[in-house]
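Visitor: Listed below are the residues making up each chain.
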Amino acid sequence: SQTIHQWPATLVQPVGSPLSLECTVEGTSNPNLYWYRQAAGRGLQLLFYSVGIGQISSEVPQNLSASRPQDRQFILSSKKLLLSDSGFYLCAWSAQGNNSPLHFGNGTRLTVT
Amino acid sequence: AQSVTQPDIHITVSEGASLELRCNYSYGATPYLFWYVQSPGQGLQLLLKYFSGDTLVQGIKGFEAEFKRSQSSFNLRKPSVHWSDAAEYFCAVGAGSGGYNKLIFGAGTRLAVHP
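So the sequences go chain by chain: G and B. FYI, the working numbering numbers position 93 of the first sequence as 93, with every residue one higher than the one before it. FYI, the working numbering numbers position 2 of the second sequence as 2, with every residue one higher than the one before it.
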């Protein structure tokens with residue numbers, strides 16, 4: 001069966017520091033990969049998606065970037081964190097296709113101080 | 001533009017009572033609709049999905065949802081709520097194209113269950 005791993009579970013970082021969140025998927029090949037952010041008391045906002053290695057699409061302008069160095073690895077990064085980057089970050093995967101359900105990791109709680 | 005509205009931010013029900021969570025969507029084409037549940041500090045778990053066919057879909061944990069095109073709604077229901085159902089529930093519409101599924105989420109409904 002397919003599994004998705006996301007780490008770390010929690011992270012506290014000072015303003016201006018770099019960020020790297022990692023997500024890996026097991027048990028499937030060529031998945032679509034996604035990064036969502038959930039701000040406190042709000043819904044989920046799609047940040048990035050990827051349909052293949054090295055293919056990254058950004059949904060909103062921001063201080064973050066994403067990379068997909070391997071088929072089942074998706075990384076969310078920042079060179080310098082802002083206070084507004086605090087939130088709950090969720091990685092997800094889906095099979096190829098316009099209507100495939102997304103399957104989420106357990107998320108990373110990021111607090112920028 | 002596509003959007004999802006969940007009118008109820010918080011709902012409280014007694015254990016054993018019935019539940020209905022409302023969801024309205026805006027989407028030009030035939031929608032792909034989903035309900036997810038999120039326990040505190042956790043990721044989202046898929047409860048059920050609607051693509052086409054029978055407008056009443058069954059999901060996990062005893063949940064069901066009914067698609068009503070005329071009302072642009074996809075409400076989630078459960079006949080008897082258990083204390084373990086306390087969580088946040090998200091409705092989403094799939095707006096993808098080109099081989100990926102861009103899910104647009106509602107703001108969520110937080111469910112509290114009284115014993």
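Honestly, the hints are just simulated from the structure, not real lab data. These numbers come from a predicted model, not from an experiment. Just so it is clear, CB atoms sit at the ideal spot from N, CA and C, and this is done for glycine as well. The reader is advised that the hints may include incorrect statements.
[To be verified] Residues from chain B that face chain G, not an exhaustive set, calculated with beta carbons under 8 Å:
1. Y25
2. Y32
3. Q42
4. G43
5. L46
6. K49
7. G94
8. A107
9. G108
Visitor: If you take the shortest Cβ to Cβ gap from K49 (chain B) to chain G, is it below 8 Å?
Guide: 6 Å, holds
Visitor: Should the interface hint for G108 (chain B) be scored as holding, given a Cβ-Cβ cut-off of 8 Å against chain G?
Guide: Nearest chain G Cβ about 6 Å off; hint holds.
Visitor: So, as I understand it, the hint says A107 (chain B) touches chain G; can you test that by seeing if any CB pair is closer than 8 Å?
Guide: Holds: closest Cβ of chain G sits about 4 Å from A107 (chain B), inside 8 Å.
Visitor: Taking 8 Å as the limit, does the beta-carbon of G94 (chain B) come near enough to a beta-carbon in chain G?
Guide: This hint holds: G94 (chain B) lies near chain G, its Cβ roughly 5 Å from the closest one there, short of 8 Å.
Visitor: Against chain G, run the beta carbon of G43 (chain B) and see if the smallest gap drops under 8 Å.
Guide: 4 Å, holds
Visitor: Can you verify the interface hint for Q42 (chain B): is its Cβ closer than 8 Å to any Cβ in chain G?
Guide: 6 Å, holds
Visitor: Does the interface hint hold: is L46 (chain B) within less than 8 Å of chain G, judged Cβ to Cβ?
Guide: At 5 Å from the nearest chain G Cβ, L46 (chain B) passes the 8 Å test, so the hint holds.
Visitor: Mind checking the CB of Y32 (chain B) against every CB in chain G and telling me if the closest is under 8 Å?
Guide: 4 Å, holds
Visitor: Please check whether Y25 (chain B) passes as an interface residue: C-beta within 8 Å of a C-beta belonging to chain G.
Guide: With a closest approach of 13 Å, the Y25 (chain B) hint is violated.
In terms of the numbered hints stated before, the structure departs from hint 1 and from no other.
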